[in-house]
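Go by the hints and put chains B, C and D with the ligands onto chain A.
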Amino acid sequence: MANLNLVQAINLALSQEMERDDRVIILGEDVGANGGVFRVTEGLHARFGGTRVVDTPLCESGIIGTSIGLAMAGLRPVPEIQFEGFLGPAYDQLCSHAARMRTRTRGAFTVPLTVRVPVGGGIHAPELHSDSPEAIYVHQPGLKVVMPSSPYDAKGLLISALRDSDPVVFFEPKRVYRAFREEVPEDEYTIPLGKARVVCEGNDLTIVSWGASVIQCMQAIEKSGKSIELIDLRTLYPMDIDAVEASVSKTARCVVVHEAPLTGGLGAEIAARIMERCFLQLEAPVQRVAGFDTIMPYYKLELDYMPDSARIGQAIQDALAY
Amino acid sequence: MANLNLVQAINLALSQEMERDDRVIILGEDVGANGGVFRVTEGLHARFGGTRVVDTPLCESGIIGTSIGLAMAGLRPVPEIQFEGFLGPAYDQLCSHAARMRTRTRGAFTVPLTVRVPVGGGIHAPELHSDSPEAIYVHQPGLKVVMPSSPYDAKGLLISALRDSDPVVFFEPKRVYRAFREEVPEDEYTIPLGKARVVCEGNDLTIVSWGASVIQCMQAIEKSGKSIELIDLRTLYPMDIDAVEASVSKTARCVVVHEAPLTGGLGAEIAARIMERCFLQLEAPVQRVAGFDTIMPYYKLELDYMPDSARIGQAIQDALAY
Amino acid sequence: MFGSAIGPLIMPITTAFKTEIERISILDEHGNFDESLGKDLIPNADLVRLYEAMSACRFLDEVAFKLQRSGRMGTYPQNMGQEAPSLGAAYVLTKNDWLVTCYRENCGLFWRGVPMESILMHWMGDERGNAIPRELHCTPIAIPIGTQMLHATGLAWASKYRSEPHIACTFFGDGATSEGDFHEACNFAANLEIPVIFFCQNNFWAISVPGKIQCSAPTLAQRGIAYGMPCIQIDGNDIFAVVYAVKKAAAYTRATSKPYFIEAVTYRLADHTTADDARRYRDQAEVDIWKQRDPLIRTRDLMKKRKLWNDSKESDLQERLGKEIAAAVARAEGIAAPDRTDFFNYMYSELPSDLIRQRETMHTHSLGQDPSQLPAGAAMPTATAH
Amino acid sequence: MFGSAIGPLIMPITTAFKTEIERISILDEHGNFDESLGKDLIPNADLVRLYEAMSACRFLDEVAFKLQRSGRMGTYPQNMGQEAPSLGAAYVLTKNDWLVTCYRENCGLFWRGVPMESILMHWMGDERGNAIPRELHCTPIAIPIGTQMLHATGLAWASKYRSEPHIACTFFGDGATSEGDFHEACNFAANLEIPVIFFCQNNFWAISVPGKIQCSAPTLAQRGIAYGMPCIQIDGNDIFAVVYAVKKAAAYTRATSKPYFIEAVTYRLADHTTADDARRYRDQAEVDIWKQRDPLIRTRDLMKKRKLWNDSKESDLQERLGKEIAAAVARAEGIAAPDRTDFFNYMYSELPSDLIRQRETMHTHSLGQDPSQLPAGAAMPTATAH
Ligand SMILES: Cc1ncc(C[n+]2csc(CCOP(=O)(O)OP(=O)(O)O)c2C)c(N)n1
Ligand SMILES: Cc1ncc(C[n+]2csc(CCOP(=O)(O)OP(=O)(O)O)c2C)c(N)n1
Ligand SMILES: [Mg+2]
Ligand SMILES: [Mg+2]
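From first to last, the protein sequence lines stand for chains A, B, C and D.
My numbering puts the first sequence at residues 1446 to 1767.
My numbering puts the second sequence at residues 1446 to 1767.
My numbering puts the third sequence at residues 2 to 387.
My numbering puts the fourth sequence at residues 2 to 387.
Hint data in this document are derived by calculation from the structure and do not stem from the laboratory.
Each residue gets a CB set at the ideal place from its N, CA and C atoms; glycine is no exception.
Check before you lean on any hint, since a few could be wrong.
[Said to hold, decoys possible] To list a few chain D residues with every Cβ distance to chain C over 10 Å, as calculated:
1) Glu-21
2) Arg-129
3) Ala-132
4) Arg-224
5) Asp-302
6) Ile-326
7) Met-363
[To be verified] Only pairs whose alpha carbons sit at most 27 Å apart, straight line, appear in this in silico BS3-like list of lysine-lysine:
8) C:Lys-213 x D:Lys-249
9) C:Lys-213 x D:Lys-161
10) C:Lys-19 x D:Lys-19
11) C:Lys-19 x D:Lys-161
[Unchecked claim] So the derived list for chain D, only partly shown, Cβ under 8 Å to chain A, looks like this:
12) Gly-176
13) Ser-179
14) Val-210
Here chain A stands alone, though its shape is the one from the complex (with noise of 0.2 Å):
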């Protein structure tokens, strides 16, 4: 066991599995000797040398073409695109390719890639580099999506996502990535993809979140004074439905909080799947704290924008008092 942050239990689980499959190779902008902006892949050039761990051009859809191929060819690429804001020059390559190769030639072909984006906001950073685009990617049948609010969980997803063998964007909330440590097992250990997380239990009410989001439910269900249970969904596509429709079916009551502009948002489908499967037993609902739809602020207001455990507080009232 060790006390790590998210950072350093993502960078053992792809040392861990680099050491384990030398089918997975790391590739993109200034992860080598820099070991990426964020420092996530720290030591491995050195460990592993310039043929597994590897800076590219500066082209996104680039490196994610080239990781499709590579994982064509059977390797393990593990593409990182340095923010989510940049994630969109490869939107076709992962969605018009990656997410149907295995459709397209009946299996003849598989993409078992993971791609690793830093997501979010809430650091004080530029432009573009405080964005949430996981709903665009949860539409895309073919993908699978993972977002770990925690060091723990985020080391045993990403092991299970580099062992999948279809594709995986693996988001990364950046205003977890330092914000607390919590023991680390430092055995390898995989939490399956698509199972949620109760992070606690209660009666009255449900969150349902992910990412750093997770962080602000849990400082708002203190404030509250309620029995609210808070699930993590750890794992967005596929989704664990079946743990939000066993929390509400037992509380009546839910709350969805993510950072991403409400309109389209996955705080959507999952009120309309809670709806559809909880419809008899809902007193109130559900209630959405997300961003607002409008463009994420620069720094400045980034935090009028996110949810916060003020805002997800009176969702809280509002749905309680319905």
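Chains B, C and D with the ligands in isolation, oriented as in the chain A frame:
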């Protein structure tokens, strides 16, 4: 008045606006002498010349990025992307720049472009020629998204889009292009963006849809023998949720129909909003009839993938029986 | 080498860079044959086989066209006139070298061993046409233009990573060279030293858009200069020039693990696809000139000159092809219809439970409804609202 | 011109293309000055102004660095060492020519008239820093690498469309030339004949990635050959070479409406940004060499040689800049905090009703809840569930 199909109605809108406003220019692949692969720009090159109807290199990001520059300079570019499956390479320019320029520069620059994109399945086309990515662009703040279902609406909505000073993604359902004709006034007229149309009134249930699916909905309504209200959203962002609310408040039951995959599709957003606004009136969960969460299959099976009147009928029954 | 950050700065006007590009033609449309380059390039027996392969591809093309016109197939992109480039490459390369193609490389794919019915099935709207055995080292037909070259870069990199001697050869049109992904693939391969042959089929048109809108430079070959790649321009309707260039490129690429750029000048004699009408945008006079430059004609004439071929061999060939291709069509059309839920089956290595539910209930329930979760009595046509 | 589809095919090996690229250096780091090219290029009075402008930019850079280090500003990309390229361009071009920049072109932007506090405000996390008056013809700082060149293409096209004589000059780094959008912009401009100067600041690094990973060709200038553009390589730390090249490029571009490619070889003397630590990946020896090549030093030395400058002028300048920049910082920091709902206000020409509701209720209600639609008694903290 003329009896026009969707292709002709759009062509008429384009030529009238080009006549009226020489800031309007068309650019894209094959839009010139060839008149576009669907012949939507037929005759415009001959009429307005090669400086206003411009064949570009084969590069969608380039087409949109250049259009952004044209629009920033005060022109009103109307780029065409040949099929929605090729909008992916332009995702970044649309979402990272077109959508953000006004707020980024506090209004010093605006991006009045209208990107025309044929969309959807049902025409026996090859792979990546039959998708429905509208939810992706609705989730991006700063864009407007339109999808007409009829020639009359198409002309009025397109003229509004061309005169709008924000970037508009104008999806044209391929399946409707030549499906039927209707009376379309010769004179210019506008249909405001953001206003839905009540296609037919009813009391038992509300169906919400847009694009080519509207036609399948009409068939299903006819077969059902029930009193069903059909709302064609026409504009997907800003969405006329007031119209949906008004109808569902009356009928207490709702089915949403779209071609795009279920998960993260706009049906989720509409369902979530109906729950938020009509919770106490709702007699059944909002039913979603959508594409499955799979890749749109090649055309042998495309009709099994797309919502048809049978599946819509099933949802009507489920909602009424709940 | 991109200058190092420490080199001296030299004044005032110096030459920073200098280059030139060769153009190769060995067997031209007038029957001229260059012995110096062409002599032992293609043994006679192989020449006959190559001609037969081109003829087969041409025959299939015509059959496919008719299938589309009679409603038995969807949109189909004819290959007519462009048989030589992919064929020459497939002929030179080994079976372990990747062919990463677009949609005008049928001839090379057939040479490699892809069954004709696979290609037909693809255009008949059936994914099973893409289930090509991995050991053929061919990727599926690429629909989004310009994207597949990056896959070639990755595939070849994997060979290099495993210290295997295999390279990739990727094909694309003149239009494709306008896409950003084309640039990224060339640049990736050049700078990371990945053994890819970038093979451009310059057929002067991208649907209706003329070549000069894709590239106003004197050649397309010079695209490669941007990446410091060796580049060559060849007569793409000359199977000898193709074989010459691919041999040269493959030797270089295999030896250095660096990419090579080939521009083959060719022409599509048919419409862009069966959905196109090329008369709207190009002159018949241009087409007529290129009909003279047909790769089949000049190859057949040379074979006749060399006494390898005659009219009766030709009619035997056509007869044999007629039968073979009819059989391929029968196989493509005869395959059992896919199950109506088939599109669920290859989505993931393991189907998520929600997709299993969607598949199972697709004809019986609304999408969001898990039958087991409906309230008692619900979803029965006669039940009343709660 | 991309060959026409009807040209003759010539045999067997011919030259398809041939070119060379010049490198220009006028005032080098040893004080050598080439009279033939440099003589009347920059009048003495202007030279002093240009030097002062570079000094101002350098001074601001140092202040900005300290602001970041003391927590008064976010991440900031220093411009140190790269003052000459954008300055020379802004000096040559007219106010109606577009400057489409990245983030190492402060010097050119200040010359054009962009207030220093705008740049500071941008990096202080305030969009108001981008509200630059349109008549300055500058676009906002571009964050996604490689994307802004396409905007330049559109802006310049609009001038051409309106028969205005204005061109665009767009700046980007060596790293940016790896992006697909770079390629698409160059190709668009070349083939559609749009008057853009593509100005590459090759500073040998893209954060930690060395230049040869972005371009393994001998020069970056030869990227332009792919598009048939005239290209030139210059010493980018030599304000004379910059002015020479931009004059030449602008004259060409304005006269022909065709693009031109400039590679300016330069170096960033600081870290990539304040979030970077360049010691992790580059040698101090390299930095030390480039410190000798500083554009300010050689310009100052020349001015002294020409008796235009001396130490007391230098200290006067520094004192003046100290005050001016302190005032700019005060303006940037003194601006009233934006309203907490400000990010709603520039989303659309007219705010959709749903956004109005979100703005109005953002601190009082859950997002989805329109207060007017809540059931009576709901959303009151003391109400009980229905
Ligand atoms: C990304 C993308 N954009 C547009 C299209 C539509 N399209 C199909 S083929 C084609 C022209 C391709 O031209 P070229 O690369 O020269 O190949 P050719 O057809 O001439 O062999 C176009 C525009 C596409 N398939 N993919
Ligand atoms: C599309 C995109 N990818 C990645 C980044 C992160 N990033 C910021 S600057 C930079 C390096 C840019 O190098 P170069 O173009 O040479 O400019 P320089 O910083 O050297 O002036 C990178 C990778 C980004 N801003 N945008
Ligand atoms: Mg072509
Ligand atoms: Mg650089």
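Now for the hints, and whether the structure bears them out:
1. Glu-21: Answer for Glu-21 of chain D: violated, closest chain C Cβ roughly 4 Å.
2. Arg-129: For Arg-129 of chain D, whose nearest Cβ neighbour in chain C is about 33 Å away, the distance exceeds 10 Å, so it holds.
3. Ala-132: holds, 31 Å
4. Arg-224: Not fine: 5 Å to the nearest Cβ puts Arg-224 of chain D too close to chain C.
5. Asp-302: holds, 16 Å
6. Ile-326: Holds: least Cβ distance 30 Å, greater than 10 Å.
7. Met-363: Consistent with the label, Met-363 of chain D stays out of reach of chain C, its closest Cβ about 31 Å off (over 10 Å).
8. C:Lys-213 x D:Lys-249: holds, 25 Å
9. C:Lys-213 x D:Lys-161: holds, 19 Å
10. C:Lys-19 x D:Lys-19: Since the Cα atoms of Lys-19 of chain C and Lys-19 of chain D sit roughly 8 Å apart, the hinted pair holds (cutoff 27 Å).
11. C:Lys-19 x D:Lys-161: violated, 33 Å
12. Gly-176: holds, 4 Å
13. Ser-179: holds, 4 Å
14. Val-210: holds, 5 Å
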